[in-house]
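Engineer: Letter by letter, the chains look like this.
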Amino acid sequence: MFSWSYFLQQTMNGVILGCIYALLALGMTVVYGILRLINFAHGALITVGAFFVYFIFFRAGINLAASLLLVLGFGGLMGLLLDVIAYRKLRGGPEVALLITSLGFYTFVENFMKMVVSPQPYSFKTPAYLAVMYKTSLLTFRSIDVFIIVSSLLIMFIFNLFVKKTRMGIAMRATAENLEVAHLMGIEVNRVIALAFALGSAIAAFTGFLWGAKYGQIAYDMGFLTGVKAFVAVVVGGVGSIPGAMVGGFVLGLAEILSIAFLPTRFAEYRDGIVFGILILVLLLRPSGLMGVKEEVRV
Amino acid sequence: MKQGIRAEWYFLLGGLLLFGGAFLATQFLNRYLLYILVLMGIYSIATVSLNLTNGYAGLFSLGHAAFMAIGAYTSTLLTFPLALREAYELPMLPAFLGGPNFVWPFFPAICMGGVLASVAALLIGAPVLRLRGHYLSVASLGFVVIVTTLAKTMKGLTRGPMGISAIPSYTNIYWTYLWLLITVYVIWRIVNSRFGRAMMALREDETAAQVLGVYPMKYKLMSFVVGAFFAGVAGGLYAHFTKAIRPFEFSFFLTFQIVVMLILGGMGTTAGPIVGAVSLLTLRYALKPLEEHLKIYGLIEIIYAVLLIVVMLFKPEGLVGQKRGVKKITVGGKSSA
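For the protein sequence lines, the chains are A and B, in the order given. One point on numbering: in my numbering, the residue at position 45 of the first sequence is 73, and numbering is uninterrupted. One point on numbering: in my numbering, the residue at position 238 of the second sequence is 1553, and numbering is uninterrupted.
No wet-lab data here; the hints were simulated from the structure. Note that the structure is a prediction, hence the values are computed from the model and not measured. Beta carbons: idealized from backbone N, C-alpha and C, even for Gly. It is possible that part of the hints are untrue.
Taking beta-carbon pairs under 7 Å as the criterion, some of the chain A residues facing chain B (in silico) [stated by the list, open to error]: (1) K117; (2) T135; (3) F136; (4) N139; (5) A202; (6) E205; (7) V256; (8) F304; (9) P315.
A few chain A positions that, by computed beta-carbon distances, are all more than 10 Å from chain B [said to hold, decoys possible]: (10) S33; (11) F83; (12) T129; (13) Q148; (14) I172; (15) L181; (16) L182; (17) A247; (18) P271; (19) P292.
If you want a taste of the chain B side facing chain A, the calculated C-beta under 7 Å gives, among others [said to hold, decoys possible]: (20) L1412; (21) V1443; (22) T1468; (23) L1472.
Please build the complete structure, drawing on both the sequences and the hints.
Structural biologist: Here it is as structure tokens:
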């Protein structure tokens, strides 16, 4: 029953899904760290990004590298727009206002996509040179799998470097630590927040492409559950912690795939239930997440 | 105390007027309009109960659809006719629920649906409410996913994605508005009691309330559980009204609709949720011909979403809400832009 090749194969699938969750969790954790906002609209960016690539790459025939750059730019712009149109106005009000608005945005985008494209899922063909099969005795994989893992790790690496080393990144961490004090220190808080939204959204839009290329199908409602699961990854890893978000993403991806792979087949339908079961378990046993520090409550 | 008694008379009077109105409605309105009226009542129950958790207690739960699903499936299974139970391969009731030859009457079945929803709320709330911030939103959303997943997979109980149809149609305008009256009364009583004041104190400032001797967990959990009970009731009424339930009906979008109704009407007000539910359903059924004519499905949801954002931006207290004196911290807000 148990074979190493099957285990490795499924582990790889888990890592790939983990990459996707981790990339999304990056953007969410940065925004949550600064604004205490669970950005539901983040999930919408996956959908929008996937369809953006679908239209400019498959329909308009722009080459892949350019499409990917464009989708990054497009996602960034969308994130910036969301911040400027709505979130900025709501800062300083009750925290829940932001949450509600982000829910509104998500629903708007999803239904807008449903109207503009169609309720039917679209098939998303992996470009030929990303669909080359490689077979070894232990593992069978396509070049897209390698592409996902490499590009995700690269993005995470660059993002970490940015946050650790650059002035803007340090400002971002300072703002997450304490918004008011950061403001007093002369950090332009609004610019930092806008940048956090733009970066997170750019990454999310790119992730939309990865999702489509890996699973071969995109739909107007693909972003919701994925986005919420990414937030689960954030919580599992430890809220506000960037390494935590990545670890949480991988833990969640692996748990989801391996639980389907090794539980009897009739449990496969419980896939989404398992993810949220993990969430509730983590909240119970380790409320500050795997890598998080205990949040102190300031009076 | 004197004032309390007087207010009770108002409820009685309001109830009588409501039933008079309902009687007139059954006499003069056509079936389509009656249908919409009942739906308004059911949504009002759901929104009023959400108001207890989200408005008064200040917890932002997104789990209402799950509680409604629990209530709907429970009351459906309890009241399902015996002959059809066999045909549909639905289980017979176990002994402690009355045994295989027993069919529950409508009222206790609805109550049972509410009770089970409350039990679920207790189980999910006990771990999650201990935590700060918006974990509850995500965890309760996760709970919706878990419940719909279970409804899809427990085929022996729920018939899976097919759903259950031919549910006896017990819900009428009287039942609905009776339950609405009960819901509004109970929640009004809770809010205007020591209990409710403690709850609102927690909403305003948890630390300050704790200093004054309010134990947060008890009040949060209570509001969550009571909210869930009436959500379960609304779900039961809904099932016996539409006569068919399927798991996907109780998805996130049901929650979203109720949340929009609450926010539009005004969180933390008595009339707000009802105003919200009635006006949004009016909008929905006024726009329905347009949507069907233009064949752009999703139009109504887009309008809901836009309304929600506009309300949040320009009148966050909702249609009937009063502006509250909230301390404004403008760092990172408009003033520093």
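Engineer: Taking the numbered hints from earlier one at a time, note which ones the structure violates and give those numbers from smallest to largest.
Structural biologist: Of the numbered hints given earlier, those the structure breaks are 5, 6, 12, 20 and 23, listed in rising order.
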